[in-house]
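Protein chains in written order, with this note's numbering: chain Y, 5 to 527; chain R, 7 to 306; chain P, 24 to 377; chain D, 757 to 1150.
Because the hints were derived from the structure by calculation, they are not lab data. Everything numeric in this text was worked out from a predicted model, so none of it was measured. Check the hints yourself; a few may be wrong.
Unchecked claim - With a Cα cut of at most 27 Å, we get these calculated DSS-like pairs of lysine-lysine: (1) P:K191 x R:K267; (2) D:K788 x D:K1087; (3) Y:K285 x Y:K352; (4) D:K1087 x P:K191; (5) Y:K352 x P:K260; (6) P:K191 x Y:K285; (7) D:K788 x P:K191.
Claimed, not checked - Far from chain R by the CB rule (all over 10 Å, computed), these chain D residues: (8) E821; (9) K969; (10) D1028; (11) T1055.
What the hints assert, rightly or not - Some chain Y residues near chain P, calculated using beta-carbon distances under 7 Å: (12) N343; (13) R347; (14) E363; (15) K379; (16) R382; (17) T384; (18) S387; (19) L392.
Cβ coordinates follow ideal geometry from the N, Cα and C atoms, glycine included.
Residue strings, one per chain:
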Amino acid sequence: MTDQMGISPPPTARSEILLEARGISKGFPGVWEHLILEHIDFDVRAGEVHTLLGENGAGKTVIANILSGYYGKTDGEILVKGQPVTLESPRDGLAHGIAMVHQELMLVPAFTVAENVMVGLNAPGLSFRKQAVEQQLDDLVAHYGLQVDPRVRVEDLSAGEQQRVEILKVLFHQPEVLLLDEPTSLLTPQEADQLFKVLRAMTDEGKGIVFISHKMHEVFAVSDRVTVLKLGKARGTMPISQTNEDDLTRKTFGETVPDYMERPAVEFTENAIEVDRLIPKGLEKKAPASGLSFALHKGEILGLAGVAGNGQSELIASITGLSGVSSGTVTILGEEMTNRTPRAFIEKGVAHIPERRREMGIIEQMFVAENVALKDYRKTPFSRHTILNREEITRHAEEIVSRFNALVPDLWETECRILSGGNIQRLILGRETWREPPVIIASHPTEGLDAKAIRHTWELFLALRAKGSAILLISEDLDEVMSLSDRIGVIFEGGIVGVVEGENANREQLGHWMAGGKISAAA
Amino acid sequence: MELAHIWGILFISLHAMVPITLAAIGETIEESAGLFNIGLEGILLLGALAGAIGAEASGSATMGLMAGIATGGLIGLLFGVLSTTLRGSQLITGVGINMFALGFVALMLTLLGAPGFHSVPRAVQVPLIPLGIGNLSPMVLVTVFLAVVVWWVLRRTQLGLWIRAVGENPAAADVAGLRVNTLRLGTAIAAGMLAGLAGAYLSVDWFGAVTKEITAGRGFIALATVVFSGLNPLLALLGGFIFGLFEGLATWISTYPAIKKIIPWQFVAMAPYIITLLVVAGAIGRVRFPKGLGVPYLRE
Amino acid sequence: MSTLKPWIKRLNPLVESLMAGLIGLVIGALIMLAFGYNPIAAYISLFSGSFGSVYSWAESLANATPLILTAMTFAIAMRGGLFNIGAEGQLYIGALAAVAVSLIDLPFPLNAVAALGAAIVAGMLWSLPVALLKLTRGVHEVISTIMLNWIAHFFAFYLIANVLTDPKRGEKTISIIESARLARILPGTSLNYGLVIALIAVAAILFLLWRTSAGFEMRASGYNQEATHYAGISLRKQVLRVFLIGGAIAGLAGAVQVMGRPPTYAVMSGLPQLMNLGFDGIGVAMIGRNHPVGIVFAAIFFGGLMVGGRIMQFSPGVPLELVRVVEGVIIITLAIPELRRLFTFFLAKFKRGA
Amino acid sequence: MRSFRVKILALLISLFAFVGGPLMGTAAAAGKVALVLDVGGRGDLSFNDMGFKGADEAKTKLGVEVVEIQSNSAADYLPNLQNAARTGDFDLIVGVGFLLADAMAEAATEFPNQNFAIIDVTWLGKPNLMEIGYEENKGSALVGALSSMVAAHYGKDKIGVVLGIEIPVLYKFEAGYRYGMHWGNAKYEKVTGKKANVGLLWTYTGTFSDIAKGKAATEAMLAQGAGLVYNVAGPLGIGDLEAITEHLEAKGKSAGPPFMIGVDANQDYLGDGHRVLASMMKRVDFGVYSAIESVVNGTFKGGVTILGPNNGGIAMSGKQDLADFIDFGIKGGAISASDRDSITKNWTAMRGAIPGWIWDAVDELKAEISAGTAEIPCGWCADTIGEIRDKYPD
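Chain Y on its own, in the form it takes in the complex:
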C-alpha cells in the first residue's frame, strides 16, 4: 500500500479540471423536507483520485449521482472542462465522458458479462457486435488485470467478480471522469488493493477519478485529494499529504468510535446455535463438501466477517428458516430446527435484524404500528382468537417508538415508506429485541446510522449479551466486528475458514481469511 502512495504523482493545480460542481444543492420532496446537499463545491482534475469521505448518509452518493446525471439538482452548476452543462440523465453524463460505478450492482443478472457491457454500446439498433465486444473485453481484462470471463452469465459470478464487471463496463466506454461509489464493499482487502492499482493506471492515462468511501485506510491508500462531507455540507478539501488519519476522522465522524468495547468476561457453556456441516440451498456448487459448522453460545457475540456474497445471506436464511437447507443440521437452543419455517424459528426465539431493512425488515406501505407488530400481531394480547386488539398494538407501538427514540409522526397514519433509514432501523431493533430474545441474528445492524446511533446500538447489544442473548453479528465492516465480537469467524465461499478471539483479531489476518486464506499462502 505504501509504495502505491509513493508512485502517486503530486496533485497539481496546473492539471486540467475535468469536472466541476459549483454550489450544488439538493432537496428531496416529501414530508421530511430538507436539503440533503447544501452548496457543495467540488472538482476533479485530470490524473488525480479525489476522494469523497463521509459517514453514511452524509450525501456522498447524492453528489456522485448528480455529477453523473442520474439525479437532478435543486440548485447550482456543473461544468465539464470549464463549460457549463445540463445533465438530465446518465445518458448526458456519458456523452460528456462521465461514468459512474454505483454502489448497488447495476447489472442484468440474466445477461453475460459481454451483453451487460453491450447495453451501454452506442451502436445501430440492428447490429450485434457480441463477438467483437467479447474480444475487446478480453484485451481490457488483460490490460488492467481484472480477471473476468466476458462469456459467462453475470448471475453465475461471485459478488467480487460482479463488482469487476461493473468496472469493466465503465472502462469499456473510456470515460474521462470515473465516479466510484464504495467500490470496495464487495471486495476482499486484497481485491481492493488490486482495484487501487487499476485506478492508478487510469489516472496515469490522464483520467480523473472520484472515489467514494467511508473507510479511512482506503482513503489513504488511493487518494490524491480528499473532500470531507458531513450532513450534506462540505467540511473542506485538502491534499492527502496535508492531513492525517486522526484529523480526517475527527472531521468525518465528529467523535471516534472505540476500538474494542469492554465487556465483562463470561464463561460460555451452553450452545444457543449449533450449525453442523451446513450447506444451504443455493450454495451446493460453491460450498466445501464439509459444509459450514460453528456454535454460538448463550451470552456470546460472534462476529462473522467476510466479503459479501460468500454465503452470508444463505447462512442467515438457513438459521432463520427463510430458505431451505441442502444438507447438514441447524440446532437452536438444543432443538433441531433444520428446514423449519420462519414461524418456527420466531417462536423458538430467534430474532433477525435483516440487512435489507426497507425490503425485508418492514412493509413500507403499512403503518408504523402495524410494522412494530409485524411479528407479534398473532400473539396475545395483540390479538385474541384471530381478532386484532388495536388498543394493545397501539400501546405497544408507542412504547417501542419512545424507548428506541424513533421519530414518527403518527402510529396509524404514517406509512413506514416515508421514514428515514435510521428511524426504520430503530423500529426494527425495537421490534426484534424488546422481548430480549435468546438468539439474535443481526446483519449489518449499524449500516447507515450516525455515530451516536451506532454507539447506542452497540450498547444495546452488549446489554442483551449481559442478559444472556446470543448474538450473531454479520457485518462487512471489520471495525464493527472487531469492536463488538467475543469471537470472530470468517466466512468464505460457504465455509468458515478461521476463527479468532475478538481481542486478538487483526485486520490483516482477517483480510487473508476473507480471501480464502490462499493469498496469504501465495504472498
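Position chains R, P and D relative to chain Y; hints supplied.
Relative to the frame of chain Y, chains R, P and D by itself:
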C-alpha cells in the same frame, strides 16, 4: 380420417394461429421491456373495426391492415404514455382499454350503419393463396415472418438487448445511458401495432366482417400464449398453432356424428382450454419473467 | 402537522375517482356531440334514470348487488398481491350450484341457506385449482383463471342443456322454488334481499382485512412478499386464502343473482343474466380502489350507469354502448396516479395563462 | 362504398365542428312503440335485425315512432319492460325473443293497461299480451328437402347444419331439417330412380357471436363432403359463408355448390347472390309489424298467433323477396348498392341451374304441410329431440 381432413384441420389451425400469435409476439416485445398490457382484447377489437373501415373506405385490403396497425399503434401509444411518463397502473389501463373498446366498437357499428355488424366486401379482403390442398392466407406467412423477425431482433440485435435490459433492470439500463421510458413507449407502440394488425386480420381476412364480439376472447388467449412461450416469439408461434389446432379440432370433431354420441359438444369445446392449462402447468412449468415487469420506472 | 391533513389524504382517492368520473363523462359527451346527440339531454336522462326516483334507485341498487360481490373477489386478490380475474367462471358455477341444491326439498329458510352455502362452496372449489396450480406448478393466475372461466362457460352450457334443464322449457334450468328465493325489498322492482347479503359480505370482508390476523397476513403478503415471509407468515397460505375467499364471494354473487333477481330465478341458456358480471366487477373494484366501502359506491355508480343507460335509449335515443365507453374512459383515467395533483397542476398553469 | 366515405366525412366534420348537438326531433307520430331486444342485440342479420326491420317498416308505413332498447344482461329484461311501461308513452311494447318470456309474463301482469307483444313465446296467456310463435320446423323441413335433393343432384352425400346455443327453438329448426332431408331423399329416389343417401352433419357451436366457430364447423362439413350448410346461428352465418367462399375460390369458382342456406332473414343476397341457395325466412318483421298495425288500427288483442307457411310468417325465399332484402342488406352494411344488379343476375342463374322438378317438389312438400298430410316434428321439442334424432337419423 382422410388426408383432406388433415389438411383442413391444418389450415384452420394456421388461420386461427395468426391473430393469437401476432398479438402474443407484440405482447412479448413489451413484456420483455417490462410492460404488461392486459388490454390486448380491446386492441384486437379496435383493430378489427379500423381494418374493416379502412379497407372499405380505401378499397384496399392492405390499407385496411394498415388502418388496424395505425389504430393499434395509437392505443399502444396511449397505454405507453400512461404507464411510463405518467407512471400509471398498467393493469388498470389495460382493463380500461378492454372496456372502452367493447363499448366503442359496438357504438361505432351502431352509429356507422347496422348495429353490431359490418361486412367487408370480398374484393377488399386479403386474397387467399390457393394451394390445391386448401387456401392459405398470406397473413400466415406474414405471421411466421414477423415471429422470426421479432425473435431475431429480441435475441440477436443491439436493440433487443436494450429492450430486454430495460425490462430486466431499468435502473441499470438508465445508468448505461438508455432512455428507459422512450424504449418502453416504443415497445408499447410496436405491441399495439401488432395487436392492431391481428385485429384487422380478423375483419379484413379471416371473417370478412366485423362484429361487436368478433375477438371472442382471443386477446386473453394471446396473453396466455405469452406465458406459455416464456417470451419466445417462436414458441408463441407454436402456442398459437396449438390453441388454434385444438379449437379447430374441437369444432371439427363436433360435426362428426360418431364422436357426438360419445362426448357432449360442450366438453369438446372445453378441450382447448383444458389442454392449454395442462400444457402450461405440465410441460412449461415456471416461466422466468423480466424482473422489472409491470413496475413503472422512477429514477429517484 | 395539522389534524385535518390525514383526513384530506383519505379523501384523495374519492376526489380522484370523482374526477375520473367527470373526465369519462366529458369524453362521452364529446362522442355524443360528434354524432349529433345532445349530451346534456342524454346525461339528464342518464342520471334521472339512474338516481332520479325511488324506482330508479332500486334498479341501480339491484344492478349493484352482484357487482359488489364480484368486485370484492378481485379486490381481495389485489390486496393479497394477486390478480384474480376468475370471478366470471366462479359466478357461473355458484349460480348453478344454487339452482341444483334448491332442488332438494327443504323447508324455508333452510333451502335458501343451503343454496347460498352450496354456491359459496362451489365458487371455492372452482377457485381452488387456481391456487393449487400456482402453488405446485407456478402457473400464473391470469392464465389459469382465463382458462377456468372458459371451462366454466361450457360446463354451465352442459348443465343447462343436459342436467338441470327445465323439462318444459329447455332454454333454462329449472327455476328455484318460490320459498327459496330472496324476497324483493321493493315490489315492482328488481331490488331484493341479495343487496343485504352483499352488504353483510362487505362488512365481513372489511372486518376480515383490517381487524383480524388473517387479514393482516393477507395485506402484508400483498404489499411485500419478502417481508411477509420474514415475519413468519406463510405465503402459500395467503394464496390459498385469497382464492378461496374470492371464490366463495364470487359463488355467492352467482347465487344472489339467480335467487334474487326476478323474474326467472333460473340460469338461462347462454348465461345472459350472468355474463360479464365478473369482468365488470374488475372495473368496479378499480374505481372503488379495492376497498370494500369504495366498492359499494363504485358498484352503485356502475349499476346506476347501466340503469340510466337504458333510460338514455328512450328519450335522447343514445345507444347503450356509450355507457361502456364512458366506463372505459373512467377506468383508464383512474390509472393515472396522483390524478388530483396533475389536475391542480394544469389548473394552475391554465390560471396563469389566463 | 361512397356512402361510407360520406359517413366518415360527416363524422369528421361533426367531430371538429362542435356545434351544439341538435335536439332530437319529437314530431307528432301515429303512435310510439318500444322494441326490447335480447342480449344478442342488433347486427345478427337475422333474428334481431328482422324484428327491427318490422318496426322500421311500421315507422315508414304507419308513421309510428320506434324506440329500440338493448339489454346488457338478461337481468335487464324485466326492468326494461317495466321502465317502458312506466313511462306510459308507448302504445305497444314488443319483446323480441323467447328469453324475455318470464320478464314479459311479469310485466304484463304488473301493467294490465299496457299493450305488449312477444315473439317466439306462446304459453303466457295474458289479455294484454299478443304472443307470436313461428313454425320454424315447417320452414326448416322445406329447406331440408331442398338441401338433400340439391346435394344429391350435385352428387354429394352430406348436408350440414350449424346451430348456435342449444335452446328449444333451435331444436325446432333441427327437427324440421331432419324431416325435410329424409323427405327429400325419398323424393329424389322416386323421381330419378337413383338412390339418394344424403346424410346430416350437425353441430351446436354454443355461441351466437364467435364467427370462428361457424367458419371452422362449415370447413369441417365441407371437407366431409357437405353440399349445403344451413346456418341456424345468426351472425355465425358470416363465418359459414366465408368458409364456403374460400372453398370455392380454391377451385377458382365463385358460384356454388356448395351453398349456404340462410336463416330468419332472406340472406340470398349474400355471397354475390350465388352462394346462398335459399333462406328459411322466419318473418319476425311480419310479426312485429302486424302487432304494431293492430295497435294503430285499434284491433289489438291478447292471445297466441302462430305464423307459419300458410300465412306467410314462414317461407322459403323466392324471387319476390330478393329486391326487398337487397335493400335490407345495403342498409345493414353487408353489401353496397352498386352490387344490386349483379346479385340479382347471379341469383337467377343459380336458381336456374337447379332442375325444375326440385323446386316443384319443394312446393309439393309445402302443399302437404298446408294440407296437414305431412306431419313435421315438432311443436315444442325440449323433451322430444332425442326421439326425433332417432326417428330421423343423421
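**Request:** Quickly compare the C-alpha distance for K788 of chain D and K191 of chain P to 27 Å and report which way the hint goes.
**Result:** At roughly 35 Å apart (the allowed maximum being 27 Å), K191 of chain P and K788 of chain D break the hint.
**Asked** Straight-line Cα separation of K285 of chain Y and K352 of chain Y no greater than 27 Å?
**Response** With Cα atoms ~22 Å apart, K285 of chain Y and K352 of chain Y stay inside 27 Å; holds.
**Asked** Can the hint on S387 of chain Y be confirmed by a CB-to-CB distance to chain P that is less than 7 Å?
**Response** holds (5 Å)
**Message:** Need the status of pair K788 of chain D, K1087 of chain D: alpha-carbon distance at most 27 Å?
**Reply:** Holds, because 23 Å separates the two Cα atoms, which is no more than 27 Å.
**Asked** Close enough to count: is the Cβ of L392 of chain Y nearer than 7 Å to one in chain P?
**Response** holds (5 Å)
**Request:** Please settle this one: E821 of chain D was flagged as non-interface, so is its CB more than 10 Å from every CB on chain R?
**Result:** Given a closest Cβ separation of 18 Å, the condition holds.
**Prompt:** Given the proposed pairing of K191 of chain P with K267 of chain R, does the C-alpha separation stay at or below 27 Å?
**Reply:** Status holds; Cα separation ~24 Å.
**Item:** Status of the hint placing R347 of chain Y at chain P (closest C-beta pair under 7 Å)
**Value:** holds (4 Å)
**Message:** Quick check on N343 of chain Y please, does its C-beta sit within 7 Å of some C-beta on chain P?
**Reply:** Since chain P brings no Cβ nearer than about 14 Å to N343 of chain Y, farther than 7 Å, the hint is violated.
**Asked** Far enough from chain R: is every CB of that chain over 10 Å from the CB of K969 of chain D?
**Response** Contrary to the label, K969 of chain D does not stay out of reach of chain R, its closest Cβ about 5 Å off (not over 10 Å).
**Message:** Hint validation: E363 of chain Y versus chain P, beta carbon distance must be below 7 Å. Holds or violated?
**Reply:** Nearest chain P Cβ about 6 Å off; hint holds.
**Request:** Evaluate the condition: distance from the CB of D1028 of chain D to the nearest CB of chain R exceeds 10 Å.
**Result:** Given that some Cβ of chain R is not farther than 10 Å from that of D1028 of chain D, nearest at about 7 Å, it is violated.
When held up to the earlier numbered hints, the structure conflicts with 4, 6, 7, 9, 10, 12 and 17 and fits the remainder.
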